[in-house]
Amino acid sequence: METAMYQPTGDPRADPASAAMTDDRMGFAPAHRFDPIAASHVHPCRHKSGLNNAATGPIVHVGYHKTGTTWFQESFYPAVRNRTYRSRLAARAALLDVGALHFDPAAARAALGDDLERMVLCEENLSGGLHNGGLAGNLSKDVACRIRAALPGAQIVIFVRDPCSAIASAYLQYLKGGGTYSVRRYLFGRKRLSPAAPERDEAPGFRLEHFDYARLIAHYDALFGEERVHVFRYEDFRADRRGFVAAYAARFGLEVDLDRLDWSVRNPSPSRLLVALLRAANMFTRRAVADKSWLMHVPGWYKLSRQLLRRANACGRFGRPLGTHDILDEATHARLAEYYRPCSRALDARIARQAATASAVPQPLRRSSGPRSFALLPLARESLERGL
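Using my numbering, read the sequence shown as starting at 861 and increasing by one per residue.
For the record, the hints were derived by calculation from the structure and aren't laboratory data. Note that this is a predicted model, so its numbers are computed, not measured. We put the CB at the ideal spot given by N, CA and C, even for glycine. Errors might be hidden in some of the hints.
[To be verified] Taking lysine-lysine pairs in the BS3-like style, the calculated list, with each CA pair at most 30 Å apart, reads:
id : residue 1 : residue 2
1  : K1001     : K1051
2  : K1163     : K1001
3  : K1036     : K1051
[Claimed, not checked] Label pairs and their computed distance ranges (CB to CB):
id : residue 1 : residue 2 : range
4  : A1148     : C1175     : 23 to 33 Å
5  : T930      : F1144     : 44 to 54 Å
6  : M1143     : C1005     : 13 to 23 Å
7  : Y1199     : P1055     : 19 to 29 Å
8  : A1174     : C1005     : 38 to 48 Å
9  : R1171     : D1119     : 50 to 60 Å
10 : A1206     : R1045     : 28 to 38 Å
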């Protein structure tokens, strides 16, 4: 029977549901799927602590945006029994609200409360703002140093996503936040400004560099060591949510009953018609993104229009959800794919090293023509057989 190590690339055509949001040329297609039964030998839905030593210390899930963090914040981490989940507000108060030159690690620890070793934080803005490129990467870099100063023993969790898919999703989020510009203006609008334009000194706009994940991951590796920085692909989570989460819980020794989790999809993409209606509606509110235009501001319209959009999107009568290639034309997609190719190669190497370590558990087997069969790495198998 052939063991399948982590596969950094794959063919999204094998999974039509994820094909629209992956790019096999860039190495972001989902790897072989995890199986929740293989991940919990004792019980298919429960995981107990003590799987490996990598689970010691607080868990700090820093993002990225558009990688399922809302589900982890609302459904998964609050259900973990042997850890204490701190709210997004607590994470922001401790690590984001204070200016860079006034940050105090001791004050940050005090703001987070007691029992820091068992704490879980999950806040995607720790990796930087979605529409301002983490303030040109300065905030993203500085926050990593803040976490290191305040929580030096932390386990860092970073989810990444095919950059083209993430950018398409970021544009939809921009529209949901009140944006009015086209995707090309959203992505490349600042290039029309002269080098000395005063607008460059005001609120920063979208930056391609923000999705060059390998740079920030390398920064965290340098601060914490690779053994404490855990990188996962959103495509793996999306391809098999339950199986992935079973493996994820096992990796960090998290006690959680998978049967009690809400597995519903959050933030589904709108259709082309709803996108057009949304852009038109946004012309009557000045909220909430900075880079936009409006005809007039109607008080209360922003909140009401968001509610109407969510209801219309949920009913499923306005057309199919947009995928990456519906939002990015072929030329733009090719341009972005080429830009991020070095990042993709670096991520492949980084995730391959992570998968080769003993703590990268569990590992599925390739499906054969016979009955379904899976295997765990020795450390995982030994721990699970002890009932941990």
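These are the hints, each one checked on the structure:
Annotation: proposed proximity of K1001 to K1051 holds, straight-line Cα distance about 24 Å (limit 30 Å). The suggested pairing of K1163 with K1001 is violated, with an alpha-carbon distance near 33 Å, which exceeds 30 Å. Restraint check for K1036 and K1051: satisfied, since their Cα atoms lie roughly 24 Å apart, inside the 30 Å limit. At roughly 24 Å, the beta-carbon separation of A1148 and C1175 lies within the given 23 to 33 Å, and the hint holds.
For T930 and F1144, the hinted distance range of 44 to 54 Å is not satisfied, since their beta carbons lie about 27 Å from each other. Range check, M1143 to C1005: Cβ separation about 41 Å, and the 13 to 23 Å hint is violated. Between Y1199 and P1055, the C-beta spacing of about 21 Å keeps the proposed range 19 to 29 Å intact. In this structure the supplied range 38 to 48 Å holds for A1174 paired with C1005, their Cβ-Cβ distance being about 41 Å.
Hint check: R1171 to D1119, Cβ distance near 29 Å, so the stated range 50 to 60 Å is violated. At roughly 30 Å, the beta carbons of A1206 and R1045 sit within the given window of 28 to 38 Å.
In summary, the structure is inconsistent with hints 2, 5, 6, 9 from the numbered list given earlier, while agreeing with the others.
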